[in-house]
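Chemist: Read off the chains here:
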Amino acid sequence: MGRKIEKLLIEFARIHRFMMSFLREAVSPPYEFKEIIRQCYEIGWKSFPLISLTGFIVGFVFTKQSRPSLEEFGATSWLPALISIAIVRALAPLVTALIASGKVGSQIGAELSSMNVTEQIDAMEVSGTNPTKFLISTRIIATTTMIPVLCFYVAGIGLLGGYLSISAKDDISILAFFTQVFEAIAAKDIFAMVIRAVVFGFTIGFASTYVGYYSSKGTEGVGKAANAAVVSSMFLVFIEELLIVQLLSLIG
Amino acid sequence: MEKKIVNINQDDVVIRVDNVSKSFGDLHVLRDVDLQLFNGENLVVLGRSGTGKSVLIKLISGLLKPDKGNIHVLGEVVNQLDERELRNLRQRIGFSFQNSALYDSMTVRENLEFPLVRNKRNLTRTEINKEVEEVLEGVGLSQAINQMPSELSGGQRKRIGIARTLILRPDIMLYDEPTAGLDPLTCLDINSLINQVQEQYQTSSIIITHDLSCAKMVGDRMVMLLDGKFERQGTFEEIFDTDDERVKPFYDYNFID
Chain A
1 MGRKIEKLLI EFARIHRFMM SFLREAVSPP YEFKEIIRQC YEIGWKSFPL ISLTGFIVGF
61 VFTKQSRPSL EEFGATSWLP ALISIAIVRA LAPLVTALIA SGKVGSQIGA ELSSMNVTEQ
121 IDAMEVSGTN PTKFLISTRI IATTTMIPVL CFYVAGIGLL GGYLSISAKD DISILAFFTQ
181 VFEAIAAKDI FAMVIRAVVF GFTIGFASTY VGYYSSKGTE GVGKAANAAV VSSMFLVFIE
241 ELLIVQLLSL IG
Chain B
1 MEKKIVNINQ DDVVIRVDNV SKSFGDLHVL RDVDLQLFNG ENLVVLGRSG TGKSVLIKLI
61 SGLLKPDKGN IHVLGEVVNQ LDERELRNLR QRIGFSFQNS ALYDSMTVRE NLEFPLVRNK
121 RNLTRTEINK EVEEVLEGVG LSQAINQMPS ELSGGQRKRI GIARTLILRP DIMLYDEPTA
181 GLDPLTCLDI NSLINQVQEQ YQTSSIIITH DLSCAKMVGD RMVMLLDGKF ERQGTFEEIF
241 DTDDERVKPF YDYNFID
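Residue numbers (the UniProt record's numbering), protein chains in the order written: chain A, 1 to 252; chain B, 1 to 257.
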């Protein structure tokens, strides 16, 4: 038991050191702009096809599932308002984060872990290059900036899916649909979405780089790191969602 | 092929390992080890797999910290330096990894440019290109400049790995099993390259190996790690002129069997 607690405390100390190291390197020059842009491309642009499909399906299915409940009260005209609030406030950031945890998290975890196994990270260190600046900071900055961008996109494509679901049964123009959507959404909903997306993006980047960077050696370590990156990112995203919901409801 | 005799200044010590111990859990890898590397010499560290040879050069380069003792490199105590000081010192130490450790997402050119542009930020594009081409020519692989590491053979990867360390013009080279996994002819090429680097760049080197042909061809002096300690040192002949049962099979396997 004592040994387990000791191990846990050592792990916390290592996470703290990793965080401090990231913060120091992220703000201090020289900056790795080229690598940040490359990572944004890898994380953001290459996720568009998967994110598009998922966002569309979520919007379409959520709208379809919500219809019967509103139909009972003859309130199907409220569907655009309902789905817009649900998608913007909760679904878009959560779906984006979960998809990114799977796609981006595993990619970062496996990549850093295999660099660790093949001593590429050691090679960077011994050549006087700071691997935290080049490998860690760039990836965390890229996830923290690209997840919000993807989140806005998912919200848009999800609403489009919602519109197609509604228009299959009701006669509603896209203009009328989006007018109702924007009437229902307040600035605080957008704010809540951005806060969530930034927090989730940072979490996915941080958790994935951490498990990849400190993975055990050997090919088994690569698989474990990819797996741990996804599991820890998803787990933390759900915990954070719970905390953010509480916090935002307190703020009002 | 015998090693050419080079002038070694024994008053000028570039690496001094003082009473260093290193353990991993209950496994004591190095026990109170002492070692000196003189300016301009090629020192070969021999020993069986798992005896701590690679650990030794990782301690010297600051990748690992000793449990006990001090490591002096070019006048600095490596295990007492902070991150920034260590990074500055590392620019003067080249490390050739056993598996080359080339960045597999980058071309050969990008691999070579990587340490250069990050350590010498005032270089112009023309100067960077010149340095890259020069060092690639030095290892005889000018034609590989735009290839990916996955397109290279084991020997070529080793050469590029060495070229990447040479681009910073280090004072010290650390080679970790430079001939491991290579065919005999490629081993000869790599051994010649190690000697060429010593002459051309005036480096002092530690070569970790269990390949006695390599040791004989590149080493000015040799030490042998036995049970976590350097128990034998001298020339190749001095090391193996013994009835020690821990040493003899090593020679027999390489040259008799």
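Where hints are given, some of them may not hold.
What the hints assert, rightly or not - For lysine to aspartate or glutamate, the following EDC-like pairs were computed, each having C-alpha atoms within a straight-line distance of at most 16 Å:
(1) 130(B) / 110(B)
(2) 216(B) / 244(B)
(3) 120(B) / 32(A)
(4) 58(B) / 122(A)
(5) 34(A) / 131(B)
Bear in mind the hints are in silico, worked out from the structure with no lab data behind them.
For clarity, every value in this text was computed on a predicted model and none was experimentally measured.
Chemist: Against each hint, give a clear statement of whether it holds in the structure.
Modeler: These are the hints, each one checked on the structure:
Our distance criterion of 16 Å between C-alpha atoms is met by residue 130(B) and residue 110(B), whose separation comes to about 13 Å. Restraint check for residue 216(B) and residue 244(B): not satisfied, since their Cα atoms lie roughly 19 Å apart, outside the 16 Å limit. Straight-line distance between C-alpha atoms of residue 120(B) and residue 32(A) comes to about 15 Å, which keeps the hinted pair within the 16 Å bound. Of the supplied pair hints, the one linking residue 58(B) and residue 122(A) holds, its CA atoms being roughly 9 Å apart against a limit of 16 Å.
Among the hinted pairs, residue 34(A) with residue 131(B) is inconsistent with the structure: their alpha-carbon atoms are about 22 Å apart, more than 16 Å.
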